[in-house]
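**Q** The chain contents come next:
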Amino acid sequence: MSAVMGRLARALASRWLLLILLVAAWEWGTTIAGSAFFPPPSTIVTRMHAMWFSGPPERLFLTDLAVENVLPSLGRMAGGLAGGAVLGVALGLALGLSAKAYDYLDGVLQFLRAIPPPALVTVFLVVFGFGLRMQLAFIVFSIVWPVLLNTADGARSVEPLHLNTGQVFRLSRAQRISLIVLPSALPKIFAGLRLALSLSLIVTVFAELLPGTTNGIGFQLTVAYSTFNLPAMWAGILLLGILGYVLNELFLVAERRVLAWHHSAQRVEV
Amino acid sequence: MLEIENLTHIYGGGGPNEHHAIDGLDLKVADGELLCIVGPSGCGKSTLLRSIAGLISPTGGQVKVDDVLVKQTPDNLAVVFQDYSRSLFPWMSVADNVALPLRRKGFDRRKRRAAAQEALESVGLAEAGRKYPFQLSGGMQQRVAIARALAYRPTLMLMDEPFGSVDAQTREDLEDLVLEVRRLHQMTIVLITHDIDESVYVGDRVVVLSKAPAHVVGDLNVALPGPRDQITTREHPDFVHLRAEVGRLVRGHTVAH
Amino acid sequence: MLEIENLTHIYGGGGPNEHHAIDGLDLKVADGELLCIVGPSGCGKSTLLRSIAGLISPTGGQVKVDDVLVKQTPDNLAVVFQDYSRSLFPWMSVADNVALPLRRKGFDRRKRRAAAQEALESVGLAEAGRKYPFQLSGGMQQRVAIARALAYRPTLMLMDEPFGSVDAQTREDLEDLVLEVRRLHQMTIVLITHDIDESVYVGDRVVVLSKAPAHVVGDLNVALPGPRDQITTREHPDFVHLRAEVGRLVRGHTVAH
Amino acid sequence: MLAFAALFEALGRAGLVDIGFLPPTSVILWRAGELLVDPAFRAHAATSMLAWAIGLGAAALIAVPLGLLLGSVRLIDAATRAIVEFLRPIPSVALIPLVALVIGTGLQLRVTLVIYASLWPILYNTMYGLRGVDPVAKESLRSYGFRAPAVLWWVSLPSAAPFIMTGFRLATGVALILTVSTEIVAGRGEGIGVFIYFAGIAVPARMDDIMAGVVWVGLFGVVVNALLVAAERRLFAWQHARLGAHAGAPVAVGAGR
Amino acid sequence: SGGTDTASPQTSAAAGNGGLEKTELKVAALPAIDSAALFVAIDQKLFEKEGLKVTPEVVQSSPEAIPMMLNGEIDAMFGNYVSMFQAHDQGALKLRILAEGSRAAPDSLSIMALPDSPIKSAKDLEGKTINVNVLRNFQELALTQVLKANDVDPAKIKYVAVTFQNIMPAWQKGQLDAAYLGEPMVTAATSSMGARKILDPASGPAAEFPISGYIGTQEWYDKHPKTAAAFQRALHNAAKMMENNREVVANVLPNFTQIDKDTAATVTFPYFSSSDNPVRLQRVADWMLEAKWLTKEIDVKSLMSPTTSG
Ligand SMILES: Nc1ncnc2c1ncn2[C@@H]1O[C@H](COP(=O)(O)OP(=O)(O)OP(=O)(O)O)[C@@H](O)[C@H]1O
Ligand SMILES: Nc1ncnc2c1ncn2[C@@H]1O[C@H](COP(=O)(O)OP(=O)(O)OP(=O)(O)O)[C@@H](O)[C@H]1O
Ligand SMILES: [Mg+2]
Ligand SMILES: [Mg+2]
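Residue numbers (this note's numbering), protein chains in the order written: chain D, 23 to 292; chain Y, 2 to 258; chain H, 2 to 258; chain L, 550 to 806; chain W, 127 to 436.
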């Protein structure tokens, strides 16, 4: 029993202590400063609760506002993330493995990668129109890069002897890619996906600033700021932070399972 | 039939580290033959093997397998690499590593598993199938690499110092295993080794290479009475004689320090 | 003085692949002694070596070097890893690889270079300094790893099958080199090998380990007249006797298939 | 690249998209050419590049050491993960007013946001790069008595460097996007983003200006990437040579360009 | 509106800086016609006559300027009342209106439909999608009043926020049923697309409704009362100059907007206020309260300064 308590206490200490201290400092600092732009965390949390989490228990305490805004945002994010991940891995593999694909695509991709999406809003609008399609395109376009570059890096740096082995045993190209290249590149792909994960939240917010949006966390955030409802704006920021944290923890669980071989072979403790 | 004609390999041609590894090497290996190659460290044995496997393209000369010029890896070929630990896939269990090449053969899952397990048993690793390569000792990893090649049942098997990391007893067992497998499945085997006794014990023929750039300096037929066995064969006077002969050839061509 | 008391190592304790590698192993190595360890593949020799080097912490028992409990790597220790190719740094030239540990000794650049070059020459790689590890053959890489350990001039040197990938002639040269270095610089050496002749030829003492979980099943003093040399020592009747003795011990404890 | 441009041109000309809103490539390129000699635009570009360079440089200086710390000290990673993961998904647009209030709206605003956003790819690639380091390589150095920071410096960092560089290449794009986007949303004075913003509020919107600005941003990205790839090839020649060493494997191409 | 300080501009200038607390001001302005008075006052040296040197800072939206004003980067800003009242209401800003700026003139704002659109009258707007620059701002506020006056239910309008440059493409692609335009887009849409005007949001109850003004903080005002007065005078004088003289306005527009001379000659200008009037401004605050955009009443008069210009 006491051992369990001790473990719990240590976990709490190592993982949350710093956070708790920082939040305390934040509360203290903002209360002293008294600036409307920096409401204390207690105010923000109260506002968050009122806005999103004071709903009926049978709906997991979600309010109408939460259902109308948070869920669509998460949906967009998930859709964009999935699209970006698939596209990124596919293009990354092509670029990392094939000189031809590299010659044809690399220039264009490097060009596109540097382009600030806000400058292309009109182009997106003209090509995709208002609404979900544009938003998804926008998210995919923004988050595909970390996945793509890291996948290409991973695909390029597969241990040569592994490739040799695949070649000697005459594995087909598809087998070599799915059984050798992809698993070797997976640790790097995961680094890209982890970047893409929080980026997809950010870009979802951006996408919800796009013309014609009528709901979403980003939408609420903008309205809150343009009407100077600063606690509501902070509530949005905080919600994003919490979502980001939670999604990342889920991601790590998945990563730990998928990359178990890597972590143990590298003698990495996670 | 494996034919190597006037094979030449130069690494990093033109660069500051240009290295002339093989120089006009000629060699023929008949079907079903077990050829042992010995030669000083760094002379070009592995390079020769990679050329046969079509992993590198020779800078001169040619390699033919069954009268077909080797450009890509020929069919039904297996290699046990010298750097065995790097040739295993860390993300697969040992059994999966062994079973992987069998996909090429169109085996279904169950058949692949059974073949892998059988091969693992034959190298003394019956229990290791579910482990991952990093959980095995060096010698065990080497045996996994051997099992992978054996399970594949190639017609041409290339082995690069395949028994270097196992103890004396296991080594003898593996030597006998290779002889047995060769007899049962009629494969051609090219085996690189540094152990002169081993070369004479398992080989039908022993080829001695010179120091770099490698060329053939000795080609001995091992006409020992079969079936061979670890005790009587090694005591056979021809064995003792051949072994001394190979030893002389190797020593005569090692870099002197 | 190296003292190992009741050493036990269990890998992946509690997990599905739990493996009991070493079981209550006791061993003492005197200063300046050259101890050879032989034992079946996968018995726990490398595990023992890693424990001595402080790279893994034993699950039971203890290792002491000069009466100090090994928790971190002891000072003035060098290891030649079994997996030599992975222990070289691919981004450094061969000479830099050999010179790197010498930074610990506070050598300046020039001195490091000279020491590295000297060590490379001693293993027959005088010309290889400016190459990168991947440009060398397996045996050459192994010799680089040996050169790195030799250049460091440790007081305790741990070698895990250090001569497994080199040809017979080079192997003998390296054996003599190790004996010579030991004599000149008074180091304690623990050498793992699968070559029974080698263990008797270079060792002051040969320890035979059982199959896993490893414990000591034989501890033989090699009282051969010094200085040893490849021809006369190997012909010495004690040598032949000892070698048979070790062989018997090893074979008696190998997994039977 | 050319095909891409042509496709764009065709789209416009074929009337698939309205020329008023999306001018054809030729018009955009012509306008881009004009801008090149326009001193006002060059001033805009210079301002943006300054913010980009400062932000990116600072991000790298912060992220690499931080990544090394978080990637190697588990406790710190665990203690800070909640905070780091909390901060990452906060969009820079939401921060603009807050940062503006605290540190002002000039160059410092752009630089701060650029640092904030381009930090992450470098940080994460550093952390994940460290995990991919060969443990045998690390142990080699540890066995010579090098402590954690030295191992980090001599082994982990060089080994992870290529992947960190990929993170840096990612960051260059992120930084560029952030610079221009911040200028578009909240820029004053000079900057390509400001130029694009003002082109957007003209009636009718100057799409040719917007797209020409975008073309320059994109080309700048291409040039920076090309320079970095060239730098990579020099810095990590060891890796390219090693990976390219066995080229000829049809799958292994595309490396090192 | 009696002024305490009736000295003529010449006199204050002659007296050095006339006891001004501060003579160099930075003022945030928007790249829109509404800001014109500030630029006319600069162009016509009206600030100079008051002993002031005013540097404009063109920003992209007024909310963006508030942090700048709070951290002292600028002294005053040009902003729309709806945003400013909200900021004041939420405590983000202790507001002081230094001078009134622009009011909507007939035809300077317009709800428009494309020629082939089925929308013919105000009533047809029900259930339709209309753009605004920013949600919950003056555009909605004014239109709501006008719709009510036209017997249309304002709750049945769907507003979407569309940034300036995307209005035309979105409209033409049919994603907007009707467009809410301001100048110079009204003129452009009429001439180039043949768009029809459905409704003038600045008519009836919302005729001449105030859009934007020059804003400072209360704190700044308390420290610089004389400067504030001089600043107001110059702006009012500029507005007077602009009343019957399009030319002075057209001259400055290219300096800070993307409107060229030719367009400038044809667009409809808003009204520029040459005096401050708390009554009409109070209307804005009251409408906002009615729409629940404010949490409490705002007494606009208490935020304004007396008009000191002649
Ligand atoms: N990381 C690990 N996890 C689990 N088991 C391991 C691990 N490392 C080694 N083992 C197991 O421990 C046993 C001893 O391994 P070790 O490497 O010490 O053997 P060894 O005596 O050096 O053998 P060899 O002569 O083949 O190198 C082996 O059975 C191996 O499977
Ligand atoms: N990628 C490479 N680039 C340059 N030189 C190389 C490369 N690979 C091998 N070499 C050189 O070619 C020569 C032959 O190498 P190889 O690996 O064929 O030797 P080996 O006979 O197998 O030696 P060992 O018995 O030590 O394994 C060596 O001297 C080596 O330095
Ligand atoms: Mg070799
Ligand atoms: Mg071992």
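Certain hints may be false.
[Stated by the list, open to error] A few chain Y residues facing chain D, derived, Cβ under 8 Å:
id	residue
1	Leu78
2	Ser88
3	Phe90
4	Leu101
5	Pro102
6	Arg105
7	Phe108
8	Arg110
9	Gly130
10	Tyr133
11	Leu178
12	Glu181
[To be verified] Pairs of lysine-lysine, DSBU-like flavour, derived with a Cα cap of 30 Å:
id	chain 1	residue 1	chain 2	residue 2
13	Y	Lys72	H	Lys132
14	W	Lys422	W	Lys387
15	W	Lys323	W	Lys220
16	W	Lys323	W	Lys254
17	W	Lys148	W	Lys171
18	W	Lys284	W	Lys422
19	Y	Lys132	H	Lys72
20	W	Lys366	W	Lys387
21	W	Lys387	W	Lys220
22	H	Lys212	Y	Lys212
23	W	Lys282	W	Lys422
24	Y	Lys132	H	Lys212
25	D	Lys122	Y	Lys132
26	Y	Lys65	Y	Lys212
27	W	Lys366	W	Lys274
[Unchecked claim] Ranges of calculated distance between the beta carbons of each label pair, as one might list FRET restraints:
id	chain 1	residue 1	chain 2	residue 2	range
28	H	Ala115	L	Ile652	53 to 59 Å
29	W	Ala417	L	Ala589	56 to 62 Å
30	Y	Gly61	H	Ile232	36 to 42 Å
31	H	Asp27	Y	Gly16	24 to 30 Å
32	W	Thr394	L	Leu777	19 to 25 Å
33	L	Arg783	D	Arg29	17 to 23 Å
Keep in mind the hints are simulated off the structure, nothing from the lab.
Beta carbons are placed, not taken as given, at the ideal position from N, Cα and C, and that holds for glycine.
**Q** Each of the hints needs a verdict: does it hold here or not?
**A** We went through each hint and held it up to the structure:
no.: 1; hint: Leu78; in the structure: holds (6 Å)
no.: 2; hint: Ser88; in the structure: holds (5 Å)
no.: 3; hint: Phe90; in the structure: holds (6 Å)
no.: 4; hint: Leu101; in the structure: holds (7 Å)
no.: 5; hint: Pro102; in the structure: holds (4 Å)
no.: 6; hint: Arg105; in the structure: holds (5 Å)
no.: 7; hint: Phe108; in the structure: violated (13 Å)
no.: 8; hint: Arg110; in the structure: violated (14 Å)
no.: 9; hint: Gly130; in the structure: violated (15 Å)
no.: 10; hint: Tyr133; in the structure: holds (6 Å)
no.: 11; hint: Leu178; in the structure: violated (20 Å)
no.: 12; hint: Glu181; in the structure: violated (22 Å)
no.: 13; hint: Lys72(Y) x Lys132(H); in the structure: holds (28 Å)
no.: 14; hint: Lys422(W) x Lys387(W); in the structure: violated (44 Å)
no.: 15; hint: Lys323(W) x Lys220(W); in the structure: violated (39 Å)
no.: 16; hint: Lys323(W) x Lys254(W); in the structure: holds (15 Å)
no.: 17; hint: Lys148(W) x Lys171(W); in the structure: holds (17 Å)
no.: 18; hint: Lys284(W) x Lys422(W); in the structure: holds (26 Å)
no.: 19; hint: Lys132(Y) x Lys72(H); in the structure: holds (28 Å)
no.: 20; hint: Lys366(W) x Lys387(W); in the structure: holds (21 Å)
no.: 21; hint: Lys387(W) x Lys220(W); in the structure: violated (38 Å)
no.: 22; hint: Lys212(H) x Lys212(Y); in the structure: violated (38 Å)
no.: 23; hint: Lys282(W) x Lys422(W); in the structure: holds (26 Å)
no.: 24; hint: Lys132(Y) x Lys212(H); in the structure: holds (18 Å)
no.: 25; hint: Lys122(D) x Lys132(Y); in the structure: violated (39 Å)
no.: 26; hint: Lys65(Y) x Lys212(Y); in the structure: holds (24 Å)
no.: 27; hint: Lys366(W) x Lys274(W); in the structure: violated (34 Å)
no.: 28; hint: Ala115(H) x Ile652(L): 53 to 59 Å; in the structure: holds (55 Å)
no.: 29; hint: Ala417(W) x Ala589(L): 56 to 62 Å; in the structure: violated (43 Å)
no.: 30; hint: Gly61(Y) x Ile232(H): 36 to 42 Å; in the structure: holds (41 Å)
no.: 31; hint: Asp27(H) x Gly16(Y): 24 to 30 Å; in the structure: violated (54 Å)
no.: 32; hint: Thr394(W) x Leu777(L): 19 to 25 Å; in the structure: violated (53 Å)
no.: 33; hint: Arg783(L) x Arg29(D): 17 to 23 Å; in the structure: violated (50 Å)
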